[in-house]
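6 protein chains.
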Amino acid sequence: MKISARNVLKGKVVEVTKGATTAHVRIDIGGTVVTASITNASVDDLKLEVGKQAYAVVKASDVMVAVD
Amino acid sequence: MKISARNVLKGKVVEVTKGATTAHVRIDIGGTVVTASITNASVDDLKLEVGKQAYAVVKASDVMVAVD
Amino acid sequence: MKISARNVLKGKVVEVTKGATTAHVRIDIGGTVVTASITNASVDDLKLEVGKQAYAVVKASDVMVAVD
Amino acid sequence: MKISARNVLKGKVVEVTKGATTAHVRIDIGGTVVTASITNASVDDLKLEVGKQAYAVVKASDVMVAVD
Amino acid sequence: MKISARNVLKGKVVEVTKGATTAHVRIDIGGTVVTASITNASVDDLKLEVGKQAYAVVKASDVMVAVD
Amino acid sequence: MKISARNVLKGKVVEVTKGATTAHVRIDIGGTVVTASITNASVDDLKLEVGKQAYAVVKASDVMVAVD
Chain L
1463 MKISARNVLK
1473 GKVVEVTKGA
1483 TTAHVRIDIG
1493 GTVVTASITN
1503 ASVDDLKLEV
1513 GKQAYAVVKA
1523 SDVMVAVD
Chain R
1463 MKISARNVLK
1473 GKVVEVTKGA
1483 TTAHVRIDIG
1493 GTVVTASITN
1503 ASVDDLKLEV
1513 GKQAYAVVKA
1523 SDVMVAVD
Chain Y
1463 MKISARNVLK
1473 GKVVEVTKGA
1483 TTAHVRIDIG
1493 GTVVTASITN
1503 ASVDDLKLEV
1513 GKQAYAVVKA
1523 SDVMVAVD
Chain H
1463 MKISARNVLK
1473 GKVVEVTKGA
1483 TTAHVRIDIG
1493 GTVVTASITN
1503 ASVDDLKLEV
1513 GKQAYAVVKA
1523 SDVMVAVD
Chain D
1463 MKISARNVLK
1473 GKVVEVTKGA
1483 TTAHVRIDIG
1493 GTVVTASITN
1503 ASVDDLKLEV
1513 GKQAYAVVKA
1523 SDVMVAVD
Chain C
1463 MKISARNVLK
1473 GKVVEVTKGA
1483 TTAHVRIDIG
1493 GTVVTASITN
1503 ASVDDLKLEV
1513 GKQAYAVVKA
1523 SDVMVAVD
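Going down the list, the protein sequences come from chains L, R, Y, H, D and C.
Each residue of the first sequence is one higher than the one before, starting from 1463 at the first, in my numbering.
Each residue of the second sequence is one higher than the one before, starting from 1463 at the first, in my numbering.
Each residue of the third sequence is one higher than the one before, starting from 1463 at the first, in my numbering.
Each residue of the fourth sequence is one higher than the one before, starting from 1463 at the first, in my numbering.
Each residue of the fifth sequence is one higher than the one before, starting from 1463 at the first, in my numbering.
Each residue of the sixth sequence is one higher than the one before, starting from 1463 at the first, in my numbering.
Bear in mind the hints are in silico, worked out from the structure with no lab data behind them.
Any given hint might turn out to be false.
When chains are identical, the list treats them as one kind, so a pair holds in a single copy or across two.
Claimed, not checked - EDC-like cross-link-like pairs, simulated, lysine to aspartate or glutamate; straight-line CA separation at most 16 Å:
id: 1; residue 1: Lys1480; residue 2: Asp1490
id: 2; residue 1: Lys1464; residue 2: Asp1490
id: 3; residue 1: Lys1480; residue 2: Asp1506
id: 4; residue 1: Lys1480; residue 2: Asp1530
id: 5; residue 1: Lys1464; residue 2: Asp1506
id: 6; residue 1: Lys1464; residue 2: Asp1507
id: 7; residue 1: Lys1472; residue 2: Asp1490
id: 8; residue 1: Lys1472; residue 2: Asp1506
id: 9; residue 1: Lys1472; residue 2: Asp1507
id: 10; residue 1: Lys1464; residue 2: Glu1477
id: 11; residue 1: Lys1472; residue 2: Asp1530
id: 12; residue 1: Lys1464; residue 2: Asp1530
id: 13; residue 1: Lys1514; residue 2: Asp1530
id: 14; residue 1: Lys1474; residue 2: Asp1530
id: 15; residue 1: Lys1514; residue 2: Glu1477
Sequences and hints are given; from them, build the entire structure.
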């Protein structure tokens, strides 16, 4: 499947924390760690676990820009 | 200002394309390029231009995860 | 690629309207038409055109619920 | 109230799962089930329960498109 | 229609700017002006124009918090 | 840090409710209360507590408009 999201960033899962319904997954993208907040169900479906290769996917309209 | 968004990724602006009301800004984050779709007004306010240091900011709930 | 987004709705493209930087794509999902606002670049990359089979993908945290 | 969100999809609630602060509500839209992640407070306010008619509401800028 | 979005802020439209496909609408909420980026089609459907009473609607998961 | 988000609304924290992984923070913006759903980790990092001055930050593309 190919998706319209402009940002598909390849990395490796470094942390998975499940909550009651929502999980936090951290992915290391070449040294930068990105945090995703997804459903517990998705964690199970994608069999996400530490060390697994994964992509952080972000729609361009969800990215903001900041400067110092 | 410090923001709750979990993802504040430091990089350098490599492209700015303005549309009628919406602009696309591309930021190089250590070799990975992230695309942001923001208002033209924001581009002006932040004086974004190629070569400028900037951050791509993404809320954790806007990050998805994908696997091959 | 398998994605964490809970909503991957199969349908057919019924309209593509490009703007200056942003395009609107309408997908018929079994009789219900869903509108997506994506970048022009994505339309080109995915070769989206009327009649093509496609999926509308939405993260669960981006879905609201309303009642009459 | 009429809303700007382009996608207001009529259906019926088929599942409500409350977590600590966040609930997952599943709505059947003519055979396609859409999952919404909303606050527990919203579930109470809207008196959402299985069998109730409801709408899944999604802003066009939150819809992505994918192809096989 | 009653919506799950936690933030339904009553105000008055103070500016409408249409682009190629995307419009910016500014709403004064008791002295604070909120900017919405919506489709041109929504502006037409809702007959939005300066002076009209309207609500800015935001899902709780789309609100970030910042401190100085 | 200056951010591209068009909406940076100054107010005061009036409620903080932590869940398993996700917290709800309510900020009074000149009489209007805005609810943010953010990670527990952000609440800790920003030392958010009732009475503290804070900003509700929302990207323009996440704001919808409604009329009666």
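task: Could you place Lys1474 and Asp1530 in one of the four classes (within, between, both, neither) given a Cα distance threshold of 16 Å?
output: between (29 Å within a copy, 12 Å between copies)
Tell me, please, which holds for Lys1472 and Asp1530 at an alpha-carbon limit of 16 Å: within, between, both or neither? between (27 Å within a copy, 10 Å between copies)
Problem - Intra- versus inter-copy proximity for Glu1477 and Lys1464 (alpha-carbon distance at most 16 Å) - result: neither (26 Å within a copy, 19 Å between copies)
*Status of Asp1530 relative to Lys1480 across identical chains (alpha carbons, at most 16 Å)*: neither (34 Å within a copy, 22 Å between copies)
Alpha-carbon proximity context of Lys1472 and Asp1490, limit 16 Å
For Lys1472 and Asp1490, the Cα distance is within 16 Å both inside one copy (8 Å) and across copies (14 Å).
Original post:
Is it within, between, both, or neither for Lys1514 and Glu1477, if the alpha carbons may be no more than 16 Å apart?
Top reply: within (10 Å within a copy, 31 Å between copies)
Homo-oligomer pair classification [Asp1530, Lys1464; C-alpha up to 16 Å]: For Lys1464 and Asp1530, the Cα distance is within 16 Å only across copies (6 Å; inside one copy 35 Å).
Regarding Lys1472 and Asp1507, is the shortest C-alpha distance of 16 Å or less found within a copy, between copies, in both, or in neither?
Neither: 19 Å inside a copy, 19 Å across copies.
| request: If the cutoff is 16 Å on CA atoms, where do Lys1480 and Asp1506 land: within, between, both or neither? Let me know, please. | output: The answer is within: 10 Å in one copy meets 16 Å, while 18 Å across copies does not.
**Prompt:** Is the C-alpha distance from Lys1472 to Asp1506 at most 16 Å within one copy, between copies, in both cases, or in neither?
**Reply:** Close neither inside one copy (20 Å) nor across copies (22 Å); limit 16 Å.
Checking Lys1464 and Asp1507: alpha-carbon separation at most 16 Å within a copy, between copies, both or neither?
between (18 Å within a copy, 9 Å between copies)
| message | For Lys1464 and Asp1490, with the copy left unspecified, which applies at a CA distance of at most 16 Å: within, between, both, or neither? | response | neither (22 Å within a copy, 19 Å between copies)
Hints 1, 2, 4, 8, 9, 10 from the earlier list are contradicted by this structure; the remaining hints agree with it.
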